[in-house]
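Novice: Chains as they are written, first to last, in this note's numbering: chain H, 1 to 271; chain X, 1001 to 1289.
Hints in this document: simulated from the structure, not taken from any laboratory. Take the hints with a grain of salt, since some may be wrong.
For each label pair, taking beta carbons as the anchor points, the in silico distance ranges come out as [to be verified]:
| id | chain 1 | residue 1 | chain 2 | residue 2 | range |
| --- | --- | --- | --- | --- | --- |
| 1 | X | A1042 | H | D116 | 53 to 61 Å |
| 2 | X | L1147 | H | T89 | 43 to 51 Å |
| 3 | H | S83 | X | A1045 | 31 to 39 Å |
| 4 | X | A1279 | H | D216 | 23 to 31 Å |
| 5 | H | E175 | X | A1072 | 37 to 45 Å |
| 6 | H | P161 | X | T1202 | 52 to 60 Å |
| 7 | X | L1075 | H | S153 | 38 to 46 Å |
The following residues of chain H were derived to be distant from chain X, with all beta-carbon distances above 12 Å [as the list claims (entries may be wrong)]:
| id | residue |
| --- | --- |
| 8 | S86 |
| 9 | F126 |
| 10 | S153 |
| 11 | R155 |
| 12 | V163 |
| 13 | K195 |
| 14 | I230 |
| 15 | S271 |
Chain X stretches covered by chain H per the calculated footprint, using a threshold of three residues with CB under 8 Å from any CB of chain H [to be verified]:
| id | segment |
| --- | --- |
| 16 | 1135-1149 |
| 17 | 1198-1205 |
Where is the CB? At the ideal position from N, CA and C, for every residue including glycine.
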Amino acid sequence: MKTACTHKARQPLAFFALTAVLSLLLSACGGAQPQGTAPSPSSEGSATGRAITVLAAASLTEAFNQIGKEFEAKNPGSKVTFSFGSSATLATQIVQGAPADVFASASPATMKVVTDAAAANAPKDFVSNTLEIAVPKGNPHKISGLKDFGDESRRIALCAPQVPCGAAAVKVFAEAKIVPKPDTLEQDVKAALQKVAFDEVDAALVYKTDVIAAGDQVDGMEFPEAQKAINVYPIATLKDSKNPALAQAFMDYVLSPEGQSVLTKAGFAQS
Amino acid sequence: MPSPDSKPAHVGAKPATQRAAATRATERPWQGRIPLLLAVPAAVALLFLLLPLAGLVIRAPWTEARTVLAGAGALQALKLSLITATVSVIIVLLVGVPLAWILARPNLRAASLLRALITIPLVLPPVVGGVALFTVLGRTGLIGRPLYRLTGFAFPFTPYAVILAQVFVALPFLVLSVEGALRASDRRYEEAASTLGARPVTIIRRITLPLIGPGIAAGAVLAWARALGEFGATITFAGNFPGTTRTMPLEVYLALETDPGSALLLSVLLLGVSVAVLALLRERWVSRW
């Protein structure tokens, strides 16, 4: 009887082990696919290769995916791979030697980390982003403006002052002479926005582009003080690029009217 | 985990000395030389676990230790972590041991299904766990919405949310551990007590609980460690505010963004405190069984 019990107990374990192994196998196959296809265009191209990797701030995700597609269409045989993330994390990765060709950062400070380490060529500002008040769809908690952020009874999410969106928020509140009463200081702007989308906070301070990217889950509200904390995005090609010509071409495309129009649609302002 | 053979050593002191002798006899083969076949993978496992910790200690900028560790943020986060993890484990014990006892009943029909369900928080990414908690206990959640309407209270962004998140991820560790101990324990002692007229509560108190004491202790330690390290569900469900919801792992994560050196120091601090607490518990508590 005892053995029957232990046997029973092992079944779920075996099931989970099997699932784990299977998912590992699947992810291994999935991972191999893009790697397998990536080198082929580069081998049939010129000696310099036709593939680049672009590291970009998370807020650029939607716009850069679009720009990447257009760029590949205009440059047959080229392949642009993106890695999106927190600008600070990406800057650390570049300094640590991550193989990449272009870096588009959400703040001059994070770009400076890379240029100080002599890992990037001269950066250029390509867009700017302003803060907006994000409220749950339909503004159910009747937020009327920035002054509500100083109301203790309200549930408010801000970015932590250590990250770019939080630093911009500090500037805005200083300008408006409001002492904010946040309930949570989020690690990045998407986390703050998610709390709004779940209707767990009455309002959050996020970027205009994030409000647009969130679609109809949240509503955005502009406020005058946002103009005092405009966040400029720099872009640069990297010194370690295996394909500097294509990297430069991508950067030029981002700065071109075509690239700028995609970015404007995503809510960015021209720098 | 003690092998089933060594079990009677804890409880069998009364019945006979010959049983203890038999235990000693089975232990003897293990006291010889460790076969190479086991020694090599065991050494690999040990190195794999310990080297990253050594790296943490070596790379931490010790010259900055005083300013980082004396800063208000670190101690506040540490205090919050220790308090919430301890409260969580108390809750986990209060509800987890009874659940394990029911699961371990020999003729429970839905046992394997229940056991699979209980394992879910183990395989679920903690961030998903945090979102799941929102759907039930958030301000717009199943239970959270009526609660908020009636009282104006909502769990997210309070220390209670930190505790809920920790209980959610830590509970399975205790339940599985205690259930394992119950299954491995010799049920005949309970049957004997029952035939001698002991009531169920007396049997649980006087026989079952002492019998599975080491299992409960091991489960509680696992649950405490898991609660202390909890990150994903906490940052999602409880948010991140100094003093109320920013536990040590959240403090470390935020420090990584700006000052990786202080993140290393904070990690070493959390590591040191948890090792110290576990060592102390082992001395005082576990050895008594």
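Novice: State, for the Cβ atoms of S83 of chain H and A1045 of chain X, whether the hinted interval 31 to 39 Å holds or is violated.
Specialist: 32 Å, holds
Novice: Would K195 of chain H pass as off the interface with chain X, using Cβ distances and a cut of 12 Å?
Specialist: 7 Å, violated
Novice: Please verify that the nearest CB of chain X lies beyond 12 Å from F126 of chain H's CB.
Specialist: 23 Å, holds
Novice: Within 52 to 60 Å: is that where the Cβ-Cβ distance between P161 of chain H and T1202 of chain X falls?
Specialist: Check passed, 59 Å falls within 52 to 60 Å.
Novice: In terms of Cβ atoms, is chain X entirely out of 12 Å range of V163 of chain H?
Specialist: 6 Å, violated
Novice: Kindly confirm whether 37 to 45 Å is satisfied by the beta carbon distance between E175 of chain H and A1072 of chain X.
Specialist: For A1072 of chain X against E175 of chain H, whose Cβ atoms are near 27 Å apart, the range 37 to 45 Å is violated.
Novice: Confirm or reject the statement that S153 of chain H sits farther than 12 Å, beta carbon to beta carbon, from all of chain X.
Specialist: 9 Å, violated
Novice: Using Cβ atoms and 12 Å as the threshold, tell me whether R155 of chain H really stays out of contact range of chain X.
Specialist: Violated, since 7 Å does not exceed 12 Å.
Novice: Hint says 38 to 46 Å; check whether the CB-CB distance for L1075 of chain X and S153 of chain H agrees.
Specialist: 29 Å, violated
Novice: Are three or more residues of the segment 1198-1205 of chain X within 8 Å, CB to CB, of chain H?
Specialist: Violated, because only 0 residues of the segment 1198-1205 of chain X bring their Cβ atoms closer than 8 Å to Cβ atoms of chain H.
Novice: When you take the CB atoms of L1147 of chain X and T89 of chain H, is the distance between them in 43 to 51 Å?
Specialist: 37 Å, violated
Novice: Looking at S86 of chain H again, its CB stays over 12 Å from all of chain X?
Specialist: 7 Å, violated
The earlier numbered hints that this structure contradicts are 1, 2, 4, 5, 7, 8, 10, 11, 12, 13, 17.
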